[in-house]
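Protein chains: 4
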Amino acid sequence: MNSYQRTIHLADTDAAGVVYFANIFVLCHEAYEEALARSGMNLKVLVSPSGIALPIVHSSADFLRPLFCGDRLEVQLTPKQLGETEFEITYQVLSLTTPQITLARVITRHVCINAANRQRSPLPEEILRWVSG
Amino acid sequence: MNSYQRTIHLADTDAAGVVYFANIFVLCHEAYEEALARSGMNLKVLVSPSGIALPIVHSSADFLRPLFCGDRLEVQLTPKQLGETEFEITYQVLSLTTPQITLARVITRHVCINAANRQRSPLPEEILRWVSG
Amino acid sequence: MNSYQRTIHLADTDAAGVVYFANIFVLCHEAYEEALARSGMNLKVLVSPSGIALPIVHSSADFLRPLFCGDRLEVQLTPKQLGETEFEITYQVLSLTTPQITLARVITRHVCINAANRQRSPLPEEILRWVSG
Amino acid sequence: MNSYQRTIHLADTDAAGVVYFANIFVLCHEAYEEALARSGMNLKVLVSPSGIALPIVHSSADFLRPLFCGDRLEVQLTPKQLGETEFEITYQVLSLTTPQITLARVITRHVCINAANRQRSPLPEEILRWVSG
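Chains as they are written, first to last, in our numbering: chain A, 1 to 133; chain B, 134 to 266; chain C, 267 to 399; chain D, 400 to 532.
It is worth saying that the hints were derived from the structure and are not from the lab.
Misleading hints may appear alongside valid ones.
Straight-line C-alpha distance at most 35 Å; calculated DSBU-like pairs for lysine-lysine [stated by the list, open to error]:
#	chain 1	residue 1	chain 2	residue 2
1	C	Lys346	A	Lys80
2	D	Lys479	A	Lys80
3	B	Lys213	D	Lys479
4	B	Lys213	C	Lys346
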């Protein structure tokens, strides 16, 4: 359920001929959004101005191989709860053209906050369910 | 064959709460790339440094309704040859949540050039085949 | 006052070696934001959820020459009121390396709406002042 | 010399109302490009298909505070050589509106490769000079 397939588009690349490094983070965030949507969550949870927000407080990536326009890949993600207000996702970016090849490994760490005052807030039930999925 | 379905991701939006206008052009270009790929073309045709290139020389868009994070939509595209070295694509961006609703209409006009000297060059056979569909 | 200078960054380009077409629209929108800021306006006007919004309803571009990573350019913009609720901006994208060379011509048409109900609303005083410059 | 000032534009933000996390990496890469350019380097060094390339193999970020549309900020960067073929840059993203406030801390690690065969290659003289600046 927590996997996402995607083709690399021209907009993902740069004039060095491969995917621009920051776009790997975008790709992984897309995989996270698709996983939330498939678990039944409304993506408005990410942008609701009145309720909670789930900003990323830390992220890292190891870029192991270049990705090219037209490449087909799969992102596999694994969420893990880190506390009452925090969770982390690890992503494996794999080639679909040459399976078993890991192209990148990415981590994002998210905290739950009250969007109005930006104070930490417990993770909502539906996120907890997905994280412990 | 020339339709493409897509979910709006957080990265497509801006702080006004809807999709940032320039990202509608990105979305339509993705639909064009997917259509080329499905017609059997290698997307390397778009980036080959030694061969031809197909730069966009004109583009326009009418933005009829706002698009929100999580929205599901379909892009329907219709290519048309304009001459020996030129073609145009029109795109209808439709809501999948509320079918029959057109969200945007976009046009891109492409010329075929020799990538080395940037002079006009006849459209290659495989592009002509796709354009005359 | 309504001109904006900018270097082309790697993120603006794609694997075809030049600026990705949709990023010319981004570049022009930056020029518009800088012009508003320099006229004394708070850019929060663009994103305020309670007040008005100024969405783009139409945009077009003619891409005359390719732009490369590292190129220095200038965007000159000219706003024009179209009615009580609408204005249009035309942009000339010029090379700073080779002045007198126009690289692209872009248009954006903006309407003023009430952000809550998305109905048309008269242009606010500060926008009118900038538009009639 | 290794500092870069920038306004946050609408395109940098997302519908959660703040800068989209991956765009902080873009911002830091812009600062790196400007620093190279100011040290006299031609940015073509980043994209030359015949020569060397400097891909990023690792990157991380701590996002300490949200950034909003219209915010003015400064990126201070510090390069450090890690070996014959590798260097690392650390970036402090600071608020210009409220100095002394660090908004984010970012790291990028770059290796020098032969762009044709993607094998490691010694850092070129001009990069070494900038790194040991």
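Within a Cα-Cα threshold of 35 Å, do B:Lys213 and C:Lys346 meet the stated pairing?
With a Cα-Cα distance of about 34 Å, the restraint between B:Lys213 and C:Lys346 holds, given a limit of 35 Å.
Given the hint that D:Lys479 pairs with A:Lys80, test it: the Cα-Cα distance must not exceed 35 Å.
holds (34 Å)
Taking only the CA atoms, is the gap from C:Lys346 to A:Lys80 under or equal to 35 Å?
The hint is violated at about 53 Å.
Run the distance test for B:Lys213 versus D:Lys479: straight-line Cα separation, threshold 35 Å.
It is violated: about 53 Å lies between the C-alpha atoms, which goes past 35 Å.
When each numbered hint is compared with the structure, violations occur for hints 1, 3.
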